[in-house]
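Residue numbers (the working numbering), protein chains in the order written: chain A, 1 to 113; chain B, 114 to 226.
In short, the hints are calculated from the structure, not lab data. The structure presented is a predicted model; accordingly, all values stated were derived computationally and were not measured. Accuracy of the hints is not assured; some may be wrong.
[Stated by the list, open to error] Which residues of chain A face chain B? A few of them, derived with a C-beta cut under 10 Å, are:
| id | residue |
| --- | --- |
| 1 | Ser9 |
| 2 | Phe14 |
| 3 | Lys49 |
| 4 | Leu51 |
| 5 | Ser54 |
| 6 | Ser59 |
| 7 | Ala87 |
| 8 | Asn99 |
| 9 | Lys100 |
| 10 | Leu110 |
C-beta: ideal position from N, C-alpha, C; glycine also.
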Amino acid sequence: AQSVTQLDSQVPVFEEAPVELRCNYSSSVSVYLFWYVQYPNQGLQLLLKYLSGSTLVESINGFEAEFNKSQTSFHLRKPSVHISDTAEYFCAVSEAAGNKLTFGGGTRVLVKP
Amino acid sequence: DAGVTQSPTHLIKTRGQQVTLRCSPKSGHDTVSWYQQALGQGPQFIFQYYEEEERQRGNFPDRFSGHQFPNYSSELNVNALLLGDSALYLCASSLGRTPETQYFGPGTRLLVL
């Protein structure tokens, strides 16, 4: 069975500072990896995904994540955060395209001015 | 182009009652998945429908059932509601038998008293 661990439940960070959200997974097979963002009282929005190919994936709003197979990690980073990045971030894994997503417990990012 | 829509947005029920939640997938999508997100936790997979059949099921009791209609919309039914069923119920749609990405709706927040 697959599982996802997000090591930090909350991450406070100052505006324009860098942030890293950690995600580790366990699975016996190859996986697809995702980061979703959830703003207050909203559903989930896909931030970025790793399916195959380059292990570094980027989003249009400055986030990036790197797939590390040996460490079974998919950490999310942003070099400079904005107030609008305040949200909850979920790491998720699926063992094949179209299969169920298994989510971590989420990391709440609070960006302070 | 409408995204994934869900109704109702909020719902209050009492223990023992039954509830039906509805989901319309993103235009052109034919696969619908349902997730339960308890307060402060990551979403948990309930089941997935494709071509009007349940294709995968998570670790949820038989009180949770679903249906997919020929127009690909879907319903989630929960019988004999328990206090622990209080959660945000998320619907996600995707395209094809092996979709790469699931798109989420805003969710239905269910409160069981």
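Are there hints from earlier that the structure breaks, and if so, what are their numbers? 2, 5, 6, 7 and 10
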